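Could you put the whole structure together from the sequences, leaning on the hints where they help?
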Amino acid sequence: MKQKKPSKLSAFFICVDMTLLWLLHSLNTVYTKQFSIPIEFKNYPQNKLMIEIPKEIKVSVKASGLKLLMIGLTEPFPVLRVDLNDVKSDASRSKFYLSSKMADVKKMFQFKADIRRIQPDTISFINNEGTQKEVPVKVPLSINYTKGYTAKLIKVDPARVVIAGELADLDDIDTIYTLPVSLNDQRTDLVKTLTLINPNNKIVINATAVELHISVGKLVEKEISVPIKLENADEHFKYSLFPSKVKVKYSGVFGESGADSSLLRVFVDLSQRKNNKLSVNMKLLSEHITVLSFEPKEVEFLMIKK
Numbered sequence: 172m173k174q175k176k177p178s179k180l181s182a183f184f185i186c187v188d189m190t191l192l193w194l195l196h197s198l199n200t201v202y203t204k205q206f207s208i209p210i211e212f213k214n215y216p217q218n219k220l221m222i223e224i225p226k227e228i229k230v231s232v233k234a235s236g237l238k239l240l241m242i243g244l245t246e247p248f249p250v251l252r253v254d255l256n257d258v259k260s261d262a263s264r265s266k267f268y269l270s271s272k273m274a275d276v277k278k279m280f281q282f283k284a285d286i287r288r289i290q291p292d293t294i295s296f297i298n299n300e301g302t303q304k305e306v307p308v309k310v311p312l313s314i315n316y317t318k319g320y321t322a323k324l325i326k327v328d329p330a331r332v333v334i335a336g337e338l339a340d341l342d343d344i345d346t347i348y349t350l351p352v353s354l355n356d357q358r359t360d361l362v363k364t365l366t367l368i369n370p371n372n373k374i375v376i377n378a379t380a381v382e383l384h385i386s387v388g389k390l391v392e393k394e395i396s397v398p399i400k401l402e403n404a405d406e407h408f409k410y411s412l413f414p415s416k417v418k419v420k421y422s423g424v425f426g427e428s429g430a431d432s433s434l435l436r437v438f439v440d441l442s443q444r445k446n447n448k449l450s451v452n453m454k455l456l457s458e459h460i461t462v463l464s465f466e467p468k469e470v471e472f473l474m475i476k477k
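Here this note's numbering = 1-based position in the sequence shown + 171.
One or more of the hints may lead you astray.
Unchecked claim - Pair ranges (Cβ atoms, derived):
| hint | residue 1 | residue 2 | range |
| --- | --- | --- | --- |
| 1 | L237 | K389 | 30 to 38 Å |
| 2 | D285 | Y348 | 28 to 36 Å |
| 3 | K389 | K454 | 21 to 29 Å |
| 4 | K318 | M273 | 39 to 47 Å |
| 5 | V362 | N452 | 37 to 45 Å |
| 6 | P398 | K277 | 53 to 61 Å |
| 7 | T366 | P398 | 42 to 50 Å |
| 8 | S271 | V306 | 21 to 29 Å |
| 9 | M273 | I368 | 24 to 32 Å |
| 10 | D254 | P351 | 34 to 42 Å |
| 11 | P414 | D328 | 43 to 51 Å |
| 12 | P249 | Q357 | 40 to 48 Å |
| 13 | P247 | S433 | 32 to 40 Å |
The hints are simulated quantities; they were obtained by calculation from the structure and are not laboratory data. No experiment lies behind these values; they were computed from the predicted model shown. Built from N, CA and C at the ideal position, the CB exists for glycine as well.
So this is what it looks like as C-alpha cells:
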C-alpha cells in the first residue's frame, strides 16, 4: 500500500511550526548587545579641560533575545545628563568613573537587564596648560590556532586613544599598549576586555580598557580562474593573451560566497615582454590568504595595431 504524501497545506504548517520554534528559541536565548545613549555633563572641575568630550556612551547589555528586542524598540534613548559633582573621581578630580553611575544608566532601560560594560568608563581632565595627542593602541598578541583554523579578522576597539599631560611627558609616547594576550588551540570567535597600561603616571588616557575582537574561521583550499590584467599597454595596439586566465590555488578563510577573485590581482607587464611571452605576476589584496600555486607562469601574447 502506497504511503500518502503530505499535502502542501501540511508542509506549510510544518514550516510555520519550525519557524515558531526557532523564534521562541531565539527570544529565550541570552545575547549581549551594545546600545548607544546620548550623554551631557555639567559642573566641570575648575581650571581643567576635558579630554575628548563624549557625545554618547556605549552600553553593553546582556539579556534574553526578547528583552533586547523590547529595549531596541525604545530607541532612540533620551539624553543622560550627568552632574560631575555626583560622579566618583580620583583625589585630584582628573578622572571621573562613569561606572559609578550604573544605577542611572539602568533607569534608561524599561526592562531589567544585566549591564556588562560602559564605554568610555572614564572621562579625564588635564590642567589648562597641558596638551594632548592621539596615539594607536597595540595588543602584544600570541595566538596558536587549532590545526586547520586561522583568523578572519582581528580588531581593537577603540584602535586609538587620546593621551594628555605636559608636552615633555608626551614626547616619547607614540603607542599605548595593553596587557599581553596569549591564546592556545584557538578555534572560536573571541571578545576580550583588555586593560591599558599607562607608561607614565603623569599623563592621563581617555580610556582605561579596550576590546579585542578576534573572528576565527576554518582554513580551506580553493581553486579559481582569474582573468589576467594588462599593465603598460600601448593604447595604439590591441592585445590578446593566450591563455587569458590563470588557475590559482590558494588557502584562506571564506564566507558562504566562497573564494573570491577580488582577493588577488593577476597581471602581466607589457614593458617586460620577451619575444612573444610574458611572465605572470600576482599581488595579494588580502593578508588572510596564501597562494599555494598558479598556472601558467607565462603566457603568450599577440599585439595588433588598431
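A quick look at each hint next to the structure:
In this structure the hint that L237 and K389 lie 30 to 38 Å apart at CB holds, the actual value being about 32 Å. Checking the proposed 28 to 36 Å range against D285 and Y348 shows it holds: the Cβ atoms sit about 30 Å from each other. Remark: the range hint 21 to 29 Å for K389 to K454 is upheld by a beta-carbon distance near 25 Å. Against the hinted window of 39 to 47 Å, the Cβ-Cβ separation of K318 and M273 comes to about 43 Å, which satisfies the hint.
A beta carbon spacing of about 39 Å between V362 and N452 agrees with the range 37 to 45 Å that was offered as a hint. For P398 and K277, the Cβ-Cβ distance of about 57 Å falls inside the hinted range of 53 to 61 Å, so the restraint holds. T366 and P398 have their C-beta atoms about 49 Å apart, which keeps the hinted 42 to 50 Å range intact. For S271 and V306, the hinted distance range of 21 to 29 Å is satisfied, since their beta carbons lie about 27 Å from each other.
The hinted window of 24 to 32 Å between M273 and I368 holds, with their beta carbons roughly 25 Å apart. Remark: the range hint 34 to 42 Å for D254 to P351 is upheld by a beta-carbon distance near 38 Å. As the Cβ distance of P414 to D328 is approximately 45 Å, the hint placing it in 43 to 51 Å holds. The given range of 40 to 48 Å is respected by P249 and Q357, whose C-beta atoms sit roughly 41 Å from each other.
For P247 and S433, the hinted distance range of 32 to 40 Å is satisfied, since their beta carbons lie about 37 Å from each other.
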